[in-house]
Amino acid sequence: MGVKVQDEDFDVAAEVAVLTAQRTDIGAIVTFTGRVRDDDQGRPIASMTLEHYPGMTETELARIEAEAAARWPLQASLIIHRTGKLSPGDNIVLVIAASAHRQAAFEAAGFLMDYLKASAPFWKKETGPAGESSWVEARENDETAAERWRST
Amino acid sequence: MSIVRPRQVKLLYFAWVREKIGRGSEEITLPDDIATVADLVAWLKTRGPEFSEAFARPNVVRAALDKAHVKPDAPIAEAREIAFFPPVTGG
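From first to last, the protein sequence lines are chains U and G. Taking the numbering used here, the leading residue of the first sequence gets 282, the next gets one more, and so forth. Taking the numbering used here, the leading residue of the second sequence gets 3, the next gets one more, and so forth.
Calculated from the structure, these hints are not laboratory results. Be a bit skeptical, because a hint or two may be false.
Unchecked claim - Below, a list of computed lysine to aspartate or glutamate pairs in the EDC-like style, where the Cα atoms sit at most 20 Å apart:
| id | chain 1 | residue 1 | chain 2 | residue 2 |
| --- | --- | --- | --- | --- |
| 1 | G | K22 | U | E413 |
| 2 | U | K406 | U | D321 |
| 3 | G | K69 | U | E421 |
| 4 | G | K12 | G | D41 |
| 5 | U | K406 | G | E21 |
| 6 | G | K73 | U | D321 |
| 7 | G | K69 | U | D319 |
| 8 | U | K406 | U | E348 |
| 9 | G | K73 | U | D306 |
| 10 | G | K22 | U | E418 |
| 11 | G | K22 | U | E407 |
| 12 | G | K69 | U | E339 |
| 13 | G | K73 | U | E424 |
| 14 | U | K366 | G | E21 |
| 15 | G | K22 | U | E428 |
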């Protein structure tokens, strides 16, 4: 179990290795990596800057992780979210869910991402090739994606 | 008999809320008649055009009390840190 909020990049394989070291009870590992795209609905993106609420971000991510652990039999999990200035192709977020069996790992990884997107206090600002910048608008379907877990 | 003491709170602003208001944080003394987050927003909007602009669209700006999400009708009670920010866009 763990959450990290950091400017630095992460290495998916290295994080999985740390999470599973000395563990023989883990039968399934699902990783999700979110990356910066070079366009947002047709608008070219030169860079993206991620702002967050220090203190609340870590608290909120830990709460989301604890909720996942209460819903699924997870052996291990990890959330890493980057902050600061990122370029197209850079990693933004990593979620790892590890369990004895695949279904719990798949579902927990999906839940972690949906809840992170709906409630973790991060804000993205995109900058275009000419230097113009704008805050990314929240999408209705991010909240809907989190809602779907309430009925399950 | 109740003792009325000044309520000092820290306000934090993030993303475009911060940009519109022109600062990231400030310490204020809460007026006595402010009970809820919505009361505070209504009062903040009277403090100048930058505030009325930041809070112009009703129910868009979200709030947190001591680093936990709350609804506009949440009582501020003994909270020490009140944050205002746009809907989140991480992930």
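Do the hints match the structure? See the list:
1. With a CA separation close to 17 Å, the supplied pair K22(G) and E413(U) stays within the 20 Å bound.
2. With a C-alpha separation of about 11 Å, the suggested pairing of K406(U) with D321(U) holds against the 20 Å cut-off.
3. Only pairs whose Cα atoms come within 20 Å are accepted, and K69(G) paired with E421(U) is rejected, the gap being roughly 23 Å.
4. Simply put, K12(G) and D41(G) have alpha-carbon atoms about 16 Å apart, close enough for the 20 Å limit, and the pair holds.
5. Taking the CA atoms of K406(U) and E21(G), the gap is about 12 Å. The hint holds against a cut of 20 Å.
6. Under the criterion of a C-alpha separation no larger than 20 Å, the hint pairing K73(G) with D321(U) is inconsistent with the structure, at around 30 Å.
7. A distance of roughly 33 Å separates the Cα atoms of K69(G) and D319(U); the hinted pair therefore is violated under the 20 Å criterion.
8. As the CA atoms of K406(U) and E348(U) are separated by approximately 29 Å, the hinted pair breaks the 20 Å bound.
9. For the proposed pair K73(G) and D306(U), the alpha carbon gap of about 42 Å is over 20 Å, so the pair is violated.
10. In summary, the hint linking K22(G) to E418(U) is supported, as the alpha carbons are separated by about 16 Å, within the 20 Å threshold.
11. Restraint check for K22(G) and E407(U): the C-alpha separation of about 17 Å stays at or below 20 Å, so the hint holds.
12. Restraint check for K69(G) and E339(U): satisfied, since their Cα atoms lie roughly 10 Å apart, inside the 20 Å limit.
13. Note on K73(G) and E424(U): the hinted pairing holds, with a Cα-Cα distance of about 15 Å set against a maximum of 20 Å.
14. Distance restraint check for K366(U) and E21(G): the Cα-Cα separation of roughly 17 Å lies within the 20 Å cut-off, and the hinted pair is therefore satisfied.
15. The straight-line distance between the Cα atoms of K22(G) and E428(U) is roughly 31 Å, outside the 20 Å bound, and the hint therefore fails.
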